[in-house]
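Build the full structure now, drawing on both the sequences and the hints.
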Amino acid sequence: MEKKELRIICPNGHLGFAPTKEESFWIGAATKPDYYCCDSGSDDIGPVPLGQDISTSHHEWQKHDLELMLIAAREQGVPMIIGSSGDTGSNSRVDMYIEFIRQLAKKHNLPPFKLAYFYSEVDKSYIIDKMDNGIVVEGLDGRNPLNMEDLEKTARIVAVAGVHPFIKALELGADVIIGGRSSDAAIFAAPAIYHGFPEDQAYYLGKVLECASFCAEPYAAKESVIGTITQDDVKVTAMSPYQRCTIASVAGHAMYERTNPYFEFFAGGMLDMTDCVYEQYDDKTTRVTGSKFVPIKGSIMVKLEGSGKVGERFIGIAGIRDPYTIKHIDKVIQWSRDQVKERFGETGYEVYYKIFGKNGVMGDLEPIKETKSHELCIIVEGIAQTVEAAEEITMIATRQIFYARLPEVKGTAGTAAFVIDEVLKATPAYIWTMDHIIPVDDPMELFEVKTIEIGN
Amino acid sequence: MKTVKLVDLAKTIRSKNAGTDKITFDIIFREKENYELVKSSKAITIETMAKLYGIPVERICDFVEYDPANAIKFTIYRTKPSGSPGEGDIFGCQQYPPLLDIEIPINEKEGEYE
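Listed in order, the protein sequences are those of chains A and B.
Per the working numbering, residue 24 is the first one in the first sequence, and the count goes up by one each step.
Per the working numbering, residue 7 is the first one in the second sequence, and the count goes up by one each step.
Accuracy of the hints is not assured; some may be wrong.
Pairs of lysine-lysine, DSS-like flavour, derived with a Cα cap of 25 Å [claimed, not checked]:
id : chain 1 : residue 1 : chain 2 : residue 2
1  : B       : 8         : B       : 48
2  : A       : 191       : A       : 26
3  : B       : 11        : A       : 392
4  : B       : 22        : A       : 392
5  : A       : 86        : A       : 44
6  : B       : 86        : A       : 448
7  : A       : 332       : B       : 86
8  : B       : 22        : A       : 44
9  : B       : 48        : B       : 17
10 : A       : 307       : B       : 38
11 : A       : 377       : B       : 22
12 : B       : 57        : A       : 392
13 : A       : 395       : B       : 57
14 : B       : 86        : A       : 392
15 : B       : 45        : B       : 17
16 : A       : 395       : B       : 11
17 : B       : 38        : B       : 11
18 : B       : 17        : A       : 307
19 : A       : 147       : B       : 86
By construction, these hints were calculated from the structure, which means they are not laboratory data.
Pasting the structure below:
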């Protein structure tokens, strides 16, 4: 257990989302790190994958990245840790990653090893029981406390694990850990804490490593970085030949994807980066001291993410080149809306028009109000309770852009150009119904760790 | 007064989801001088950002001048969670371009901004 320092490699900020770059991975692996750790999920990808229980990453890329880590870690005989398996960390994604590991072990004829895993999904009855006992499930970021209505709308819920199940898995002697939904930083903090390094440094180590090469410059994704923790500092080193971890890149990364650059919350406490000191340690390495972990007083709060289905969904695409039509695009959209309304009434469906060339990307946040493009692309999104209705609504809305009646249009054969004269079935529409925290007496009550033997 | 665009002063100007309900904006400078210049110009404040994006000031939930990274950072609430029906930018990563053209007044006598 007694180590003066612990070195952890992170090959990818979101395993499988785009393939890991191999050169920097193997440069890092050649230095024989103590752990291979990677996060594989995020709530960034929207509510659809969690609700629908699918991955948004390509399975071949997930396998590719798992294969690199598994081969290197098993050859060295050191642990490999994955959190938020398969983009969402749902139970089916954990099972899928275990199966991938099994296939890869067979393919490479690896000697037997111990795999630990835990699920993160939370049953609604667990939450209802808590609420019945007067426990308030507080909302994050201005959301109201959870009520029964939100819960009923929710299709699937995952709890976001902290370090606890990962530490448990290491105590059980795991060689490979496949985790459900987890805090990104916990995946790296857990082995550091397990080996006796202070939480002050361990959580910072996790924080800085979780996005791999995003903490290095020049900007590049999917390149490996190595973090080194000692009793009093964290050092982070870029592995790719063209990247460096600089004071600017590492300090800048602390504020990535979060509201406040000084504080980050986990199940069990808060990382305080207010007094962090950054030093250029060598050409590719930045050293950080002064981070603090403040344990929570009272019950540990675990974050819950929930996704609920809105309806079936289709997408239609229409192009417009006629300048008169472009100038009157709002009337065209109104015409199309009215045609949908004529057939389907006012309610029971949703239809959205994204006008690219006008404000398709930014919507109401777009400060440029005048459309200067000589052509527009309209993406129609139609949502209804059945596949048939969603298809028909989207079809009407898209095709009526073609038939829009404008008094002075010259091109009376059709006011839209179609790439294809059909609408495309999309994944159903979902919405984030839950972004809440629940108090627990024991953080392990949501995450049961199990082990299995893999290999011959 | 002479001005220079923010895009010519900052190293990084970006936007990104911060959780499911917010989008956060980062403006990062390589040189401390440029950071201080923009900070003291008061061209980027809660009020000016609300005006630029056409939103009430209440939608801006955080505004931080982060000295360790020479960075200015602010965060807005989304009107619907990311990826909801009608979404135009699931990751929130293409909401920064209006920041590029912000005009920052510079002192002509010193004229040092690079």
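Right, here's what the structure says about each hint:
A hinted pair counts as satisfied when its Cα atoms are at most 25 Å apart, and residue 8 (chain B) with residue 48 (chain B) qualifies at roughly 15 Å. Of the pairs offered as hints, the one joining residue 191 (chain A) and residue 26 (chain A) holds, with about 19 Å between alpha carbons and a cut-off of 25 Å not exceeded. The straight-line distance between the Cα atoms of residue 11 (chain B) and residue 392 (chain A) is roughly 21 Å, inside the 25 Å bound, and the hint therefore holds. Between the alpha carbons of residue 22 (chain B) and residue 392 (chain A) the distance comes to roughly 23 Å, so the proposed pair stays at or under 25 Å and holds.
Between the alpha carbons of residue 86 (chain A) and residue 44 (chain A) the distance comes to roughly 14 Å, so the proposed pair stays at or under 25 Å and holds. For the given pair, residue 86 (chain B) sits about 23 Å from residue 448 (chain A) by alpha-carbon distance, which is consistent with the 25 Å threshold. Distance hint between residue 332 (chain A) and residue 86 (chain B) is fulfilled; the C-alpha atoms sit about 15 Å from each other, no more than 25 Å. With a C-alpha separation of about 23 Å, the suggested pair residue 22 (chain B) and residue 44 (chain A) falls inside the 25 Å cut-off, and the hint holds.
Of the pairs offered as hints, the one joining residue 48 (chain B) and residue 17 (chain B) holds, with about 19 Å between alpha carbons and a cut-off of 25 Å not exceeded. With a C-alpha separation of about 21 Å, the suggested pair residue 307 (chain A) and residue 38 (chain B) falls inside the 25 Å cut-off, and the hint holds. Proposed proximity of residue 377 (chain A) and residue 22 (chain B) is supported: the alpha carbons are some 20 Å apart, at most 25 Å. A C-alpha spacing of about 14 Å is found between residue 57 (chain B) and residue 392 (chain A), which places the hinted pair at or below 25 Å, so the restraint holds.
At most 25 Å may separate the alpha-carbon atoms for a hinted pair to count; residue 395 (chain A) and residue 57 (chain B) meet this at roughly 22 Å. About 22 Å separates the Cα atoms of residue 86 (chain B) and residue 392 (chain A), which keeps this hinted pair within 25 Å; it holds. For the proposed pair residue 45 (chain B) and residue 17 (chain B), the alpha carbon gap of about 15 Å is at most 25 Å, so the pair holds. Simply put, residue 395 (chain A) and residue 11 (chain B) have alpha-carbon atoms about 22 Å apart, close enough for the 25 Å limit, and the pair holds.
Distance hint between residue 38 (chain B) and residue 11 (chain B) is fulfilled; the C-alpha atoms sit about 17 Å from each other, no more than 25 Å. A distance of roughly 19 Å separates the Cα atoms of residue 17 (chain B) and residue 307 (chain A); the hinted pair therefore holds under the 25 Å criterion. Proposed proximity of residue 147 (chain A) and residue 86 (chain B) is supported: the alpha carbons are some 24 Å apart, at most 25 Å.
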